[in-house]
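Enquirer: In the order they appear, the protein sequences are chains X and D.
Each residue of the first sequence is one higher than the one before, counting from 1 in my numbering.
Each residue of the second sequence is one higher than the one before, counting from 1001 in my numbering.
FYI, nobody ran anything at the bench for these hints, they're computed from the structure.
Every value quoted in this text rests on a predicted model; they were computed, and no experiment measured them.
Where hints are given, some of them may not hold.
[Said to hold, decoys possible] Covered stretches of chain X, going by a simulated chain D footprint (3 or more residues, C-beta under 8 Å):
no.: 1; stretch: 240-254
no.: 2; stretch: 269-278
no.: 3; stretch: 288-297
[What the hints assert, rightly or not] Each computed DSBU-like pair below joins lysine-lysine, with the alpha-carbon atoms no more than 35 Å apart:
no.: 4; chain 1: X; residue 1: Lys198; chain 2: D; residue 2: Lys1186
no.: 5; chain 1: D; residue 1: Lys1264; chain 2: X; residue 2: Lys168
no.: 6; chain 1: X; residue 1: Lys168; chain 2: D; residue 2: Lys1168
no.: 7; chain 1: D; residue 1: Lys1264; chain 2: X; residue 2: Lys198
no.: 8; chain 1: D; residue 1: Lys1264; chain 2: X; residue 2: Lys264
no.: 9; chain 1: X; residue 1: Lys264; chain 2: D; residue 2: Lys1186
Note that beta-carbon positions come from the ideal geometry of N, C-alpha and C, so glycine has one too.
Below are the chains, spelled out letter by letter.
There are 2 protein chains.
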Amino acid sequence: MPENTRILLKRQSEGVPVADDFETTTAAMPSPEDGELLCETIYLSLDPYLRGKISGRHLSGAIRPGDLMAGEAISRVVESRSPDYAEGDIVAAHTGWQAYSTPKAAELRRIDPSIGPLSTFLGILGMPGLTAYAGLLRLGEPTADETLLVSAASGAVGSMVGQIAMIKGCRAIGIAGAAEKCAWVKDVAQFDDCVSYKTGDLRAELDAACPDGIDLYFDNVGGDTLQAAMERLRLGARVVLCGLMAQYNTTEMPPGPNPAWIIKARATVRGMVVYDHEDLRDAFTDDVSRWLAEGRIHYLEDRTQGLENAAAAFSRLMRGGNVGKVIVEVGEE
Amino acid sequence: MPENTRILLKRQSEGVPVADDFETTTAAMPSPEDGELLCETIYLSLDPYLRGKISGRHLSGAIRPGDLMAGEAISRVVESRSPDYAEGDIVAAHTGWQAYSTPKAAELRRIDPSIGPLSTFLGILGMPGLTAYAGLLRLGEPTADETLLVSAASGAVGSMVGQIAMIKGCRAIGIAGAAEKCAWVKDVAQFDDCVSYKTGDLRAELDAACPDGIDLYFDNVGGDTLQAAMERLRLGARVVLCGLMAQYNTTEMPPGPNPAWIIKARATVRGMVVYDHEDLRDAFTDDVSRWLAEGRIHYLEDRTQGLENAAAAFSRLMRGGNVGKVIVEVGEE
Chain X
1 MPENTRILLK
11 RQSEGVPVAD
21 DFETTTAAMP
31 SPEDGELLCE
41 TIYLSLDPYL
51 RGKISGRHLS
61 GAIRPGDLMA
71 GEAISRVVES
81 RSPDYAEGDI
91 VAAHTGWQAY
101 STPKAAELRR
111 IDPSIGPLST
121 FLGILGMPGL
131 TAYAGLLRLG
141 EPTADETLLV
151 SAASGAVGSM
161 VGQIAMIKGC
171 RAIGIAGAAE
181 KCAWVKDVAQ
191 FDDCVSYKTG
201 DLRAELDAAC
211 PDGIDLYFDN
221 VGGDTLQAAM
231 ERLRLGARVV
241 LCGLMAQYNT
251 TEMPPGPNPA
261 WIIKARATVR
271 GMVVYDHEDL
281 RDAFTDDVSR
291 WLAEGRIHYL
301 EDRTQGLENA
311 AAAFSRLMRG
321 GNVGKVIVEV
331 GEE
Chain D
1001 MPENTRILLK
1011 RQSEGVPVAD
1021 DFETTTAAMP
1031 SPEDGELLCE
1041 TIYLSLDPYL
1051 RGKISGRHLS
1061 GAIRPGDLMA
1071 GEAISRVVES
1081 RSPDYAEGDI
1091 VAAHTGWQAY
1101 STPKAAELRR
1111 IDPSIGPLST
1121 FLGILGMPGL
1131 TAYAGLLRLG
1141 EPTADETLLV
1151 SAASGAVGSM
1161 VGQIAMIKGC
1171 RAIGIAGAAE
1181 KCAWVKDVAQ
1191 FDDCVSYKTG
1201 DLRAELDAAC
1211 PDGIDLYFDN
1221 VGGDTLQAAM
1231 ERLRLGARVV
1241 LCGLMAQYNT
1251 TEMPPGPNPA
1261 WIIKARATVR
1271 GMVVYDHEDL
1281 RDAFTDDVSR
1291 WLAEGRIHYL
1301 EDRTQGLENA
1311 AAAFSRLMRG
1321 GNVGKVIVEV
1331 GEE
């Protein structure tokens, strides 16, 4: 009899999660009730926000020891007990770190495989893409010829922020860590420039890349990178606060930039949570699928084979060792 | 022959300025050139932003040792060499800490004494009033039934912020220091409540006064008061950063609140500088003079007699020892 592989949280450790904080278990193959579907996971998405759920401080709820690890996945319908879906349909849902799941039909998002590769529905056509699209266009309000700076620029959100900003006529400058990330941002995603926070002097490099200052800063990391950007805001600048990678693995809340930087630039700083922007989903899907077909959007994936390796991949993501959107290949396409 | 009394900055000391940092001098009575006027100072305004000018870090420019101390004043025209003004006209201008001045006609703002007492053109009908009006209505976007919190609530800006917010249908909660300031805010300005940052536990008092959190925080102080407010923002809150009294007398820039508070509330934080809002001047004057005539606006003045006592009054303002808008009575009305 076939079994289901499921990965549970074993313990809520402090600091960067390690593979040993998770536990692989097998369970009986689940059976869908009326209104549910049996789904086979194809791709599992690993994202920074999962760290907040493990700490119990993410607004979407906590993951506790013994719980199935959460996460969004692209799956194939194996058996449908809903009139809305048929065997073979491709769906996205928050089904977690498991090979098979039985979500309710109402919890699914239908995927149209004709508009992009399946894994992109976890990246540029998924939650990270919508985050970038809504955060940049609705909260950042870019206008042509402005200078946009974005941190974690080779990541799933950051790379889209810069590319959409360039489509809107902005100069896009990225911040990333490793040299290979910066190279991808410049050479493939074709940002105007990308500076590293790891090599040399971030402030001097920002001054060189943004000699007239920053009109729009899209922040995915917080910490000293946010501070350095705030020091360089132009009059009327906008700052979109989207992620805090610099503090996800800490238990304290370190202080932030002095408010004088915001006053001095008469800046507008907005907090971004993607769940607020579901109303932009259709416009986002239309725009990004068109840009993708036109060859104007590039994306980078960091793929891991096998659900059993998900924990190690997550630990690597938390250390910033991933290069691009982290995808776990769980089943066959 | 009559002489002019002028107060100069003697030294740029660190910390809270003391009277000995200033120097009273006498000079020959100035004589207006073509296009200028000889003005007799009636009321001089002392404002917190002057501390930033002494430190050399205010955007309107520095005051250096040996310079005349800057400041806005209400004056009477004694002699006019401009076709636009006549002897006896009342004007406002940044003429500084002196008994007589010779501003250019283009630098003046004409005062209509029929719409309010002369000193109010330095307070509720002047720069602090416009700061409150523009900062609250344009940047804060209050709507009826929201909870507004404002720091330095008995001050020139803070007291107007709360009263205008109540006119717009908000609940207004103030933060002030001394008991007599809190009493004025509650009993005279009729805020819904006023908590002290000096007595007891600010966070517990804020929780009691704002049990459902804060929709709009208008900050005049920064520091821990800003931090405490940020911890209590409701979803969609707005924060207007207007002043940083907590750090004007320091040379460091202390850190600010962690950005997670802004993300959590999906808040919008805006930096306020009054010079950007001159286009609202006419609407502001119309509204506030009408509210004043209707008895809906109360104001508190902290008056000092004699230009020779301006330095001591400024030092007291910097220590938070003033109660209300600081006005120096220099000449007869």
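Enquirer: Any of the earlier hints contradicted here, and which numbers?
Expert: Hints 3, 4, 6 are the ones this structure does not satisfy, whereas the remaining hints hold.
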